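S.K.: For reference, the chains in residue letters:
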Amino acid sequence: MPAPKKFDNSFFDDHGEVYDEALSFNDWARLSPDHYMQDRSKYTYCIARNVDLDGYGAIAEFNLEVSNDFKMSDLQVLMGDFDGGGATPQKWAHDLISSFYNQGGVEAEVLGVKYDDSVHLITSEIYDSDLIREPHTFIGTTNYTAYNHNGEEWEDIEEVYDRLCELGETED
Amino acid sequence: MTKTINIKLTGNSSISQVFFFDRNIGDILNNFDGDSFSGYLLKAAADAEYFARGFSDAGDLNVEVSDGDNVLYSGTVLVDEAEQDASPEEVRQQFF
Numbered sequence: 001m002p003a004p005k006k007f008d009n010s011f012f013d014d015h016g017e018v019y020d021e022a023l024s025f026n027d028w029a030r031l032s033p034d035h036y037m038q039d040r041s042k043y044t045y046c047i048a049r050n051v052d053l054d055g056y057g058a059i060a061e062f063n064l065e066v067s068n069d070f071k072m073s074d075l076q077v078l079m080g081d082f083d084g085g086g087a088t089p090q091k092w093a094h095d096l097i098s099s100f101y102n103q104g105g106v107e108a109e110v111l112g113v114k115y116d117d118s119v120h121l122i123t124s125e126i127y128d129s130d131l132i133r134e135p136h137t138f139i140g141t142t143n144y145t146a147y148n149h150n151g152e153e154w155e156d157i158e159e160v161y162d163r164l165c166e167l168g169e170t171e172d
Numbered sequence: 001m002t003k004t005i006n007i008k009l010t011g012n013s014s015i016s017q018v019f020f021f022d023r024n025i026g027d028i029l030n031n032f033d034g035d036s037f038s039g040y041l042l043k044a045a046a047d048a049e050y051f052a053r054g055f056s057d058a059g060d061l062n063v064e065v066s067d068g069d070n071v072l073y074s075g076t077v078l079v080d081e082a083e084q085d086a087s088p089e090e091v092r093q094q095f096f
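Top line first, the protein sequences correspond to chains D and L. Sequential numbering of the first sequence, starting at 1, is according to our numbering. Sequential numbering of the second sequence, starting at 1, is according to our numbering.
None of these hints come from the bench; they were simulated from the model. Predicted model, so just to flag it, every value in this text is computed and none were measured. Glycine included, C-beta positions come from ideal geometry on N, C-alpha and C. Take the hints with a grain of salt, since some may be wrong.
DEER-style ranges, computed between Cβ atoms [unchecked claim]:
1. H94/D x G68/L: 15 to 25 Å
2. L121/D x D67/L: 16 to 26 Å
3. D33/L x T137/D: 40 to 50 Å
4. E64/L x Q38/D: 27 to 37 Å
5. D69/L x E153/D: 49 to 59 Å
6. D47/L x G151/D: 11 to 21 Å
7. E64/L x V119/D: 55 to 65 Å
8. G151/D x K8/L: 25 to 35 Å
9. N150/D x D69/L: 16 to 26 Å
10. D69/D x D47/L: 33 to 43 Å
11. E134/D x A48/L: 12 to 22 Å
12. D27/L x D116/D: 23 to 33 Å
Heads up, simulated EDC-like pairs for lysine to aspartate or glutamate below, C-alpha to C-alpha not over 20 Å straight-line [claimed, not checked]:
13. K3/L x D117/D
14. K71/D x D8/D
15. K5/D x E90/L
16. K43/L x E125/D
17. K42/D x D22/L
18. K71/D x E125/D
19. K71/D x E90/L
20. K43/L x E134/D
21. K114/D x E81/L
22. K43/L x E169/D
23. K114/D x E89/L
24. K3/L x D116/D
25. K6/D x E90/L
Computed, partial: chain D to chain L, Cβ under 10 Å [to be verified]:
26. S10
27. W28
28. Y56
29. L96
Please model the complete structure; the sequences and the hints are all you need to start from.
M.R.: So, in structure tokens, the structure goes:
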């Protein structure tokens with residue numbers, strides 16, 4: 001069934017694209033960035049690496065079986081978002097996401113797509129980036145932060161900050 | 001009848017990767033002896049997760065959907081403002 005004219009016109013007015021022929025996500029269906037993550041609260045420590053790519057690139061690719069009469073609008077983009085109406089993160093992840101967001105490291109981002117009730121996520125197996133291929137390129141744009149999980153929340157470990165800066169300068 | 005489509009995303013927004021450990025952070029940092037700290041973290045960590053992979057619509061996000069040799073769509077991801085949690089079919093129906 002094609003998109004009804006009224007909605008199609010509204011979508012076209014906004015984007016200059018026909019709804020059934022464009023890749024879109026529902027503004028009200030934004031997910032928390034950790035929506036599909038496992039609970040990592042069992043770990044005591046973590047180190048986060050945040051990079052502002054700014055001119056570098058990331059790529060992900062995957063295949064999907066669809067029906068022959070498939071329309072682009074049958075693909076629902078899964079959008080993770082912390083501050084734009086996304087759902088509340090799981091308790092174990094909230095402090096980390098909040099910290100990354102405040103550092104500018106977590107924005108509204110595509111997590112995958114949903115087709116015919118099946119979810120297809122971007123995972124490491126189908127993902128590559130300049131950060132993986134050439135980590136030395138990012139010296140100076142990468143910041144490392146260490147956290148300790150105290151049983152309730154993740155706390156910054158400020159005393160290792162200088163050591164992390166020093167080690168972060170070390171790449172092939 | 002079905003067909004295979006290929007979905008290819010490119011982006012350049014921020015990346016956040018987290019390495020999780022179940023041992024003391026001091027030991028982890030002191031045991032580093034190599035040329036690549038990020039490579040060391042990946043090997044030493046008990047678990048790792050990306051919180052951001054570079055595919056934000058705030059950056060230069062592009063998604064190409066192809067069907068064999070034909071490009072079916074190439075562009076960014078657009079927002080639709082239909083009702084909450086509406087499926088594509090529900091989006092169509094609610095405007096009748």
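S.K.: Provide an ascending list of the numbers of those earlier hints which the structure does not satisfy.
M.R.: 1, 3, 7, 8, 9, 12, 18
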